[in-house]
Structure formats: structure tokens, C-alpha cells
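Asker: Here is how the chains run, residue by residue.
Number of protein chains: 2
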Amino acid sequence: MRLSRYFLPVMKESPAEAQIVSHKLMLRAGLVRQTAAGIYAWLPLGLRVLQKISQIVREEQDRAGAIELLMPTLQSADLWRESGRYDAYGPEMLRITDRHDREILYGPTNEEMITSVFRDAARSYRDLPRTLYHIQWKFRDEVRPRFGVMRGREFLMKDAYSFDLDEAGARHSYNRMFVAYLRTYKRMGLRAIPMQADTGPIGGDLSHEFIVLAPTGESEVFYHTAWEQDRALDVNADDAVALQEFVGALTADYAATDEKRDLDREREAGEALCTSRGIEVGHIFYFGTKYSDSMGLKVQGPGGTEIVPQMGSYGIGVSRLMGAIIEASHDDKGIVWPDAVAPYAVGLINMRADDAACAAAADDLYATLTAAGVEVLYDDRDERGGAKFATMDLIGLPWQIVVGPKGLANGVVEVKRRATGEKVELSPEDAVARVSAK
Amino acid sequence: MRLSRYFLPVMKESPAEAQIVSHKLMLRAGLVRQTAAGIYAWLPLGLRVLQKISQIVREEQDRAGAIELLMPTLQSADLWRESGRYDAYGPEMLRITDRHDREILYGPTNEEMITSVFRDAARSYRDLPRTLYHIQWKFRDEVRPRFGVMRGREFLMKDAYSFDLDEAGARHSYNRMFVAYLRTYKRMGLRAIPMQADTGPIGGDLSHEFIVLAPTGESEVFYHTAWEQDRALDVNADDAVALQEFVGALTADYAATDEKRDLDREREAGEALCTSRGIEVGHIFYFGTKYSDSMGLKVQGPGGTEIVPQMGSYGIGVSRLMGAIIEASHDDKGIVWPDAVAPYAVGLINMRADDAACAAAADDLYATLTAAGVEVLYDDRDERGGAKFATMDLIGLPWQIVVGPKGLANGVVEVKRRATGEKVELSPEDAVARVSAK
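So the sequences go chain by chain: A and B.
Each step along the first sequence adds one to the number in the working numbering, with nothing skipped, and position 164 is 164.
Each step along the second sequence adds one to the number in the working numbering, with nothing skipped, and position 58 is 58.
In isolation and in its complexed conformation, chain A is listed as follows (with noise of 0.2 angstroms):
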């Protein structure tokens, strides 16, 4: 893409609403707007990221066995007052009254709705295990929306739920995820604590948090330093038993939320105790048969007998993601973008705009990046240098590839990989070879 037809409002300063760096960053480098009170609009490069994590969520969930559908945003307040929670749900819910006047609300999650669908399609054993898995936008009515869109109104989630037999397939279904949630966070470049968690309205008695450590995090969180060790994520999910073992070998260092500390687990840990700030980037529950019991759902057993199957639940906040994903990775010339999620993996500079011998090799660098797959953002306009190196740093794409009339004298682009720093003058043919490498 060429800078001279895109559209990348990018500003000089922090606007004053920001308190965070992710919020002040994604405004400065042109990802987001806002349009409302914690409502956003998602500008070109902002949705390439949100585009690229939401592929991640996606392929995870899918190599996991969970199937993609989607729900829509709006829906009946009747399929809410089926499990009670229509009246339980307090003003985050945002409720809406139609032409009709018709109860209907948007969407701040989707247990009803997803139990509805598969109670109406679901008859017997074999329709079950199933997990479904949908990439919606959702609404929450915050009191106080803040933060950009670590706590916005409108926000796109991931949401999966799980349909088994038993108690024991339910479990295997929650491991599963536990493991592709791990997955996930990783290929961002994240490394995220699951915690114990309250589970709050939802219901239920087994769940967890994914918690990415961050000093602006919304909650205090208390672990065992071990969990700042890399963890390999290679066990083979199908088996059962083994991957009940992974997960509780994975889970037996401790860590926990503000709600869940274990002052006993605390003092063995000793010095190995480390709090921090955390910002929670997913939450999984196994609830049992509260929905499929309050909303009539059951399937005929192999033995003629009714069953009711257990559930579980299961949430990514795909754009709080992204502002994890800064929080955790920028320094004070802007983004720092993990290579799996940034909006282009190479961003081109011609210094020298007026300059036929610049603006030739820059186009042919362009063109042969365009042509191997690789994603470039060229930055092909009439501005000074300085402007220019100050955007890519702001804007974060792993590499930069910079055209200049010296460097092209003796035959060389300079190549920097903006995470380090760490700047190397290459021939062109080179310098692709370089950022193409996996």
C-alpha cells in the first residue's frame, strides 16, 4: 500500500481523554477513532491488526475442534427471561425497544442465544460433543468506559461454547480450550497467566483468567515466579487423560487473582511470589447444566433416557487484545508490533521523493516485496525524512526498509528491524531475502 493513497491520520501529540499508552498509541498511530463514549471506529490500519488477531483466535479455535458460526448482535428479551437473566442483568445491558415494542437488547454475551440454537437442532448423543465458537461485536453498558478500548462499550469477542454428555466430556472440552487459549496469547507474542477466577454473574464453579502482567492492568494478581518461564504447548489434546495432566501440571504453580488468593499457597511460595498488575484477556467457565436446565435443552441418550448436557463458556476479547498487545510491547517512539499481528511486516521509506534514482529503486523494492507475499506499507510521499522515520517508529512494523541517494551510490538500502533497533545496509536483492525470512 502506498501512503500517498491510504488513509493514516497519524498525530503528533496525545490527546488529552488518554491516560494509557495503548489508548495514547492507538490514536497517535492512526488505529482507532472514537466516536462515542467508548465506541470506536477501527481506521485502516487498526482494523488490519484487529483483522489479523481475530485470524489467530479463529485458527486456534478451529485446530481446537469448535465450529464457527455467527450470532447476530440484537436479541429477544424473551430468550433472556428463559434462564432469568433478563432481570438479573443490571444497566450494562444495553435494552432496546422496536417499532413494535418489542424487549430486545444487544448482545453482551450469548448463552441464551447459543443454547437456543442447539436446543433446536440437537436430538440425540450423536449430535454431542460439540463446541461453537462466534466472532461478534458486543455491547456492555460500562458506567464509565476508559482506557480506549481496553474498556469500551462496543467490543469484538470471541465467544465458544460446549456441549458434552457428562461431567468428564465437559471437562476434556474445558482443557481443550485452556490449552488453544495458552496457544492463542502465544503466537501474539503474549504470555498470559491463567488464574482462578470468581465466576461471577455467569454462573458455574470451575473457571479461569488470562491474565497478560501489565502496570496499567485493571486488577492486582499475585504468582508463582515460574510462570514467567516459557511454557511448551505440545501435548495431544485428543487424549483425555493426558491432556488432564498437562493442564494440571501446567496449573499446579500458583497463581491467582485479587478474588482467589491463597495466603496458605502465598507463604509456601515464599520468595517466588510476584505480584503485578494484569489485564485479563480471556475467561473460561464450565457452568454444568444451568442453561441447557433452565431452558429445556436435552438429546436422547443411547439408551432411550433424556440427558442434559453440561456446558461451558469461553471468551477472547479480541480489541482489548490489541491494546494488551501494546501495553505489553512499545517503547517511547510508539508500537512495537509482534510480527504475527502487525498491519504490514515491512514499511518502505524513499527519502528522497524528488529523486528519479530513489523513487525507481524504492518502486522496484515496492513492486518485488508486493510480488513475494510480503506486506508493505511504502511510504511514498513528498515529506522530510525526519517525518517519515518518525511514523514507522510510531506505527511499529517490524521492519523498515529505507531508500536514500547515498546509500543507493554504493548499491545499498538500509534494513531495520524496529524491535531492536539494530540497523544493517544491504544490497536491495538482499534486503528482501532479509524481511522475507520466516
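Be aware that one or more of the hints could be misleading.
[Said to hold, decoys possible] Restricting the straight-line Cα-Cα distance to at most 20 angstroms, the calculated cross-link-like pairs of lysine to aspartate or glutamate (DMTMM-like) are:
1) A:LYS52 to B:GLU59
2) A:LYS12 to B:ASP120
3) B:LYS52 to A:ASP62
4) A:LYS24 to B:ASP120
5) A:LYS52 to B:GLU68
6) A:LYS52 to B:ASP120
Hints listed in this document are in silico derivations from the structure and should not be mistaken for laboratory results.
Chain A is fixed; fit chain B onto it per the hints.
Answerer: Frame of chain A, contents of chain B only:
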């Protein structure tokens, strides 16, 4: 995907609420389920088609130079007060009050929001021309939702907005989209006829609707028989003059909706005049400075003068297209998906799940096809062959491969083309080659 692990609730009978064939088939084939009046959940098979349609739309928008972003579903009423449309818009607008008693709404379209986003970002004439688009859920509170996704309330739309420095530029942007739309429909196996149309409440003085002919269409249309021929769409869209000539030549043949009939031209057409019913699948508008004027969008011109950008908007009903495609492509057994939007390319049927040789051969074909990048839905269930055939014909995948004991004894499987019903017996290797050929 193995059907034994998928979520595909097909129905033998048409539900009573469905009046038109696409609605019946979308319910029967397990593509969608209604969750409230005019609101649908997209089941896994339907979501795959929706994603394929969206991707074709996206590719042709990108090819036309439009830049993708994503605006939120909810908008502030104040934004619509700037243009004066908040009070002017009828009861189709879903008006909402949030917990702080602020007036918001579920966006039925995005002229105001994109004007506001562009106004905040664009400073100089060098920031134009630009065309921005998004693919997002919209809501229109239809008084009587019907025909399934064809006239739903929550629907997926691609809407693009162009910003130009003068009328000539705006006309060029309009023509680019005109051709991009024809390309988009053609790739989906649809022939859509552009017709001059009323601009309606959106305003402006140049507008075309794109209409797919179908007996169940919502409106009557009139056109010259020349439109029934296939049109080549190879024009250099960067050349404004050539593009204008191309669009002019294309629209020289008469075509009009009921509101825009020209009886003189119809008399001229004589026996070449055709009439039919049609489904609107796109609508493009040039409306000049209607929103830039009322909302104060202006940029600095080259000489320091202020320029008020000329705008246009361009909509495609993405979810509605699925209905239109089915109306145009089905038979008495079910849907006949065009290859480009089929949820899977191949339906693989194992006739005898209880026969080890059949299962091994079918598993093998499944693995080979999947490894070759072919999307396969594999019916590995222990069901009668007749039921499997009926399901495959109903869901309308372009190719079927049937593995049965008799054929296997002779070293062959059966390959059927859904559209023609043509069947051939081929070795498994040749079957793979046949369904993989582009």
C-alpha cells in the same frame, strides 16, 4: 470437515413461515436460523458462504482502490443531528437510550460517521481523492420483515464513501465503483443490471441500482434484451475518459426500475423490451456536497482556498446477496452454489460407514483433497445412502464424490457435478484431479 463432528441441522420440510424459495432453502439447508423477527443466526455452513461473498466484495473494492476500515454499529444521535437526518429518518431507524440517557442509534447507513471521521483527518487537497469502505452489520427496523435474509432487520452491508476535489473526480470515483460492482456480481455467478434509480432520502442527483432478475423480486423492472448477454468488463479504470466512455456505452441500453420508466425509450426498444421482477443487490449514489456542506467538511486547496469535497456512497447488501444467489441458482432438489461462493467445493460421501474398505478409501480421499487445499465436507456418518444423497443435493456443493463398495471393487468412485447432474466413474486419483481443476 467431517459431518459427524459438524453442526449442520438440515430440515426435510419447509417451515411454514418461509414464502420464497431462497428462504425455504436457507432454512432447510441449515444455513440460517431466525432468532427474532428479521434477525438471523448464521449457522456454520451459511457463515462460510457469507465469508466468501464478503471476500469477493472486499477484493473488488480493494482492486478499485477503496480502503477498508470498520465503523461501529452504534452511533451517536448528535452526529445525525449535524446533517439534519436524525429527525428526518423514519421509524426504520432503531433509536436507543443508554444508561446515561444519551440518545444513540443502530446505524442504518454511515454517511454522517464517515464524513465525521474524514473531517477529523483530512487537511489538504493532497488527502484526496479517497474512497473508504467497511463491511459491517446494519439495522433497519422494517415494519414487516420477510423473505428471510432478503428483507431482514439486522443485515450485513458493504458501504463505501468517496471524497473528491471536484465533480469530474467524483464522477470518476462513481464510475470506478460502477465497474467494481459489475465485476463483483459476475464473480458470484450473477448477472446484475444497473438501472437509473431514485435517490430517495439519501439525497443526490445520480444513482444506479443493481438488479438481479428473479420472479420473486420485490419490484418490477424494464430493460432492453441486450442486457441478457454477457458483457466484458475489461477497462482501465485509472483512465477517467476511457472509463466514462465504457460506462456510457454500457448504460446506453435501456434498463429502469418502475419509478424511473421512460415510455419513449420503451417504445423505441419495441419488441426488444423485456419486463421482469428484480432483486436489488446494490445501490450507488453521487450526492455532491450534501454531507460535506452540512457537516462542515473542507480541505485546504493548492492555492490556499477552501475546497468542499464532493461525495458519493456505494452499498452492497452482502447478506441479501446470499438470498439472491439462491433465487438465481437452485433446482427442485436444493441449492446449486456457484463455485466462487460454495461453502465447500466437494461433498464426499462414504456410502457404507460400516465397511472398512469404503471407510479407508473415503478417509484417504478426504486426506488427499484436504492436503491439496480443496475444501471438503465429508459425510462419514452411519446413515442410509439415500439420506446422504438428499442432504448433499440440498446443500448444493458444486462436486460430489461417492465412495461405495461396488465401485471400489472396480477401482473407481463416482464424481457428480451438482449443476448438471452429470456423473462419471473415475479412479480416486482422477477424481481428485477433476474436482481440483480450476
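Asker: It remains to establish, for every hint, whether it holds in the given structure.
Answerer: Hints and how they fare:
As the CA atoms of A:LYS52 and B:GLU59 are separated by approximately 17 angstroms, the hinted pair is consistent with the 20 angstroms bound. Taking the CA atoms of A:LYS12 and B:ASP120, the gap is about 14 angstroms. The hint holds against a cut of 20 angstroms. Between the alpha carbons of B:LYS52 and A:ASP62 the distance comes to roughly 17 angstroms, so the proposed pair stays at or under 20 angstroms and holds. Using a Cα cut-off of 20 angstroms, the hinted pair A:LYS24 and B:ASP120 holds, with the two alpha carbons roughly 17 angstroms apart.
Between the alpha carbons of A:LYS52 and B:GLU68 the distance comes to roughly 14 angstroms, so the proposed pair stays at or under 20 angstroms and holds. The suggested pairing of A:LYS52 with B:ASP120 is violated, with an alpha-carbon distance near 26 angstroms, which exceeds 20 angstroms.
Violated hint: 6 only; the structure is consistent with all others.
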